[in-house]
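*Asks:* So the chains spell out like this:
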Amino acid sequence: MSTAPEEIAEWKMPSTRKVAVISLILTESALFTIFLVAYLFYMGKSLNPPYPSQVLEFPLLATIALLSSSVTIVFSEKALHRGNKGAFHIWWAVTIALGAYFLWFTGMEWKHLIFHDNLTLATNVFGTTFYSLVGLHASHVIIGLVLLTMVLILSLLGKVPADHTEHLEMISWYWHFVDAIWIVVVTVVYIISTRT
Amino acid sequence: MNPDTYDPNFRMPDPERIGEERGSLTRIIQEMVFTVDHKKLGLMYIASGLLFFVVAGVMATFIRLQLAVPRNDFLDPDTFNRLFTMHGTAMVFLVGMPIIFGFANYLVPLMIGARDMAFPRMNAFGFWVFFFSGLLLYFSYLGAPGLYAAGSAPDVGWFAYSPLTAKAFSRGHSTDYWTLSLLMGGIGSIATSINIIVTVVCMRCKGMILGRMPLFVWLFLVVAFLVIIAMPPLSACQIMLILDRYFGAHFFDTQAGGSAVLWQHFFWIFGHPEVYILILPGFAIASEVIPVFSRKPIFGYPVMVAASVMIAFISLGVWAHHMFSVGMTSVGNTFFAISTLLVAIPTGIKIFNWIGTMYGGKLRFELPMLFCLGFLFQFLIAGLTGVMLAIAPFDWQLTDSYFVVAHFHYVLIGGLLYTIFAGIYYWYPKALGKMPDFKLGLWHFILFTVGFHITFFPQHISGFLGMPRRIYTYDAGRGWDLYNLISTIGVVFQAAGILFFVFNLIYSYVKGKKAGDDPWDAWSLEWATTSPPPSYNFETLPEVRSRRPLWDLKHPDDPDWKYE
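If you read the protein sequences in the order shown, they are chains X and U.
Each residue of the first sequence is one higher than the last, beginning at 38 in this note's numbering.
Each residue of the second sequence is one higher than the last, beginning at 8 in this note's numbering.
No lab work stands behind these hints: they were computed from the structure.
Using N, Cα and C, we set each Cβ at its ideal position, and we do this for glycine too.
It is possible that some hints are incorrect.
Claimed, not checked - Partial chain X-side listing against chain U, Cβ under 10 Å, derived:
no., residue
1, L61
2, A75
3, F95
4, T186
5, I190
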């Protein structure tokens with residue numbers, strides 16, 4: 038029997054950033070789950086109008102904008118990996134523009150709901166759960182936009198070091214998460230609840 | 008020199024003045040505020056947890072004094088409500104959570120052979136957020152009355168059932184202090200837990216594969232996962248409550264179609280995993296202490312890991328056993344009764360494995376071991392009453408009675424607090440370099456154990472006799488008088504025990520004998536470095552080939568890795 042222990046050959050640990058962002062996404066998912074459950078629980082339990090089927094219209098353009106922003110951010114990252122800074126900036130800016138359009142659309146929708154349909158947080162349990170769920174998502178879009186804009190400005194100023202591609206990748210993971218949540222929210226709020 | 012950090016205006020400080028402020032009060036405070044070292048933060052977590060422990064313990068003493076005799080008028084009802092609310096909230100969020108995070112912070116990097124946590128600055132952020140959330144909660148005594156001349160501290164109970172928290176029933180700002188404090192504390196807990204997960208997953212030293220990690224680290228990995236899944240529901244609750252109270256939302260407003268029961272569901276989706284978030288660290292400490300003082304490796308390591316993961320998994324699906332009496336369907340009652348009973352299986356496995364570790368071992372009855380033995384017996388009682396309460400019809404009879412109070416105090420004191428004491432005595436030599444005094448510690452153990460059982464065992468009986476929890480007084484002649492008096496007498500012993508404990512911590516630091524690197528002849532990596540460890544933890548990062556790396560170092564002729 039040999040007395041010397043075998044050598045430990047290769048020792049590679051996963052990236053701390055990736056594990057942290059995955060954990061963050063997990064914890065955020067738990068938060069969204071509770072608000073989604075609240076929405077589903079109160080579906081059809083409003084005591085007074087307006088009801089979802091009367092006032093909600095499917096936000097087609099906003100949904101297309103947000104989902105395609107997930108694609109443009111991938112183009113942007115690919116450009117960065119090729120070393121094409123110009124294309125990276127353009128696609129990154131397009132991503133911001135698409136996200137901003139989504140936010141503007143939500144704002145217009147809320148303005149219409151509040152001033153035309155008289156639906157506020159206090160109107161009924163539909164208003165309560167609708168604004169809190171969609172608002173929670175919108176607040177995540179805002180955070181994402183702040184991060185994206187910071188990166189764009191810093192990168193244009195030349196302050197993003199070349200070895201920080203993984204940092205940018207993490208922002209894109211977060212952005213994909215915000216998009217994925219929207220698919221669930223849009224399905225529950227605009228498709229399921231308007232049909233009941 | 009790195010050109011990025013080169014500062015042309017930099018001048019060397021005057022060599023005469025270097026370190027002149029070291030040791031002064033301002034310098035110590037400055038160091039505490041600036042530090043990102045996981046060991047300092049860990050000790051700060053534990054110290055502030057113990058501080059809040061004393062405050063919340065004094066509140067409990069007032070509660071017991073009021074209940075000592077029937078028709079007592081020591082406290083008025085409103086003050087009593089505030090006291091039990093603040094006692095419960097503080098003990099869970101400001102004592103239990105910070106102390107377990109303190110242990111995790113201090114020990115996880117040392118045990119896995121890392122130099123610090125993965126994100127040191129986020130670590131400091133987590134601590135300070137927790138600390139100020141605690142101050143915010145206690146500030147309610149001063150700040151909450153506001154202009155309303157309404158109540159001061161929160162008085163809605165630690166689970167704050169709706170509609171007690173509605174604007175109509177909770178005037179002033181007391182509930183808002185409770186809400187904001189818990190929201191803030193939740194953010195800190197999540198930050199710290201993400202940090203623990205990342206540290207364990209990404210920072211292990213060479214050779215420390217998951218199957219060789221100390222059980223302590225395994226259990227904290229499980230706890231951190233539970234926190235990041237279970238804490239957001241609490242945050243969601245608090246956000247909804249703020250929306251209800253200040254923006255006219257109707258989440259918990261039954262008159263507008265809202266549901267008070269929904270609060271209970273959401274709160275306990277957090278609240279029950281929280282119980283396991285608190286008790287699994289107790290298991291973690293016991294799993295380190297018992298093998299070392301039995302001179303045997305832990306019995307059934309893989310099963311212990313599997314049981315921990317199983318407990319965490321099941322704990323996410325048992326929350327409604329807190330709500331048997333609200334009138335769920337019989338299917339719901341049955342489901343939650345069965346899932347709750349299932350928890351007993353992995354927990355039983357753990358108890359048997361600890362006993363299996365001790366069986367045939369060469370037991371050393373040092374202070375940490377004494378407290379772990381106390382933990383085993385008391386946690387068994389707590390588990391048995393837990394199984395009783397899991398039976399829905401039994402629970403209908405005894406819910407919200409003193410039987411429940413006795414049950415969860417056996418869990419949290421007899422279980423968690425005893426292992427915390429064990430952990431403090433076990434790692435005290437590592438953190439401070441001095442041995443804790445055995446005689447003082449023995450007095451602490453004896454007095455506290457006697458006091459604990461005198462206080463809480465009679466509450467089982469007064470619960471059976473129908474005494475509800477949270478009443479501020481009771482009439483004589485209902486059969487509760489004697490048990491309440493005995494309960495209150497026990498507090499004297501507990502308080503005396505705590506005095507010995509606190510005195511021991513200070514006395515041993517000043518007068519204790521030097522500990523050396525490895526006073527207990529232990530096997531995990533934290534004992535491989537000096538006591539206290541240097542800020543970089545290890546001079547050279549260790550390599551690990553078995554579950555007991557230090558055993559391998561001490562016994563090169565008969566290392567563990569030959570058998571694993």
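*Asks:* If a hint holds in the structure, say so; if it doesn't, say that too.
*Replies:* Evaluation of the provided hints:
For the restraint placing X/L61 at the interface with chain U, the shortest Cβ-Cβ distance is roughly 6 Å, inside the 10 Å limit, so the hint holds. For X/A75, the suggested interface contact is upheld, since its CB lies about 7 Å from the closest CB of chain U, less than 10 Å. For X/F95, the interface hint is violated, since its Cβ never comes within 10 Å of a Cβ in chain U; the closest pair sits about 25 Å apart. For X/T186, the suggested interface contact is broken, since its CB lies about 23 Å from the closest CB of chain U, more than 10 Å.
Interface hint status for X/I190: violated, as the beta-carbon distance to the closest one in chain U is roughly 20 Å, over 10 Å.
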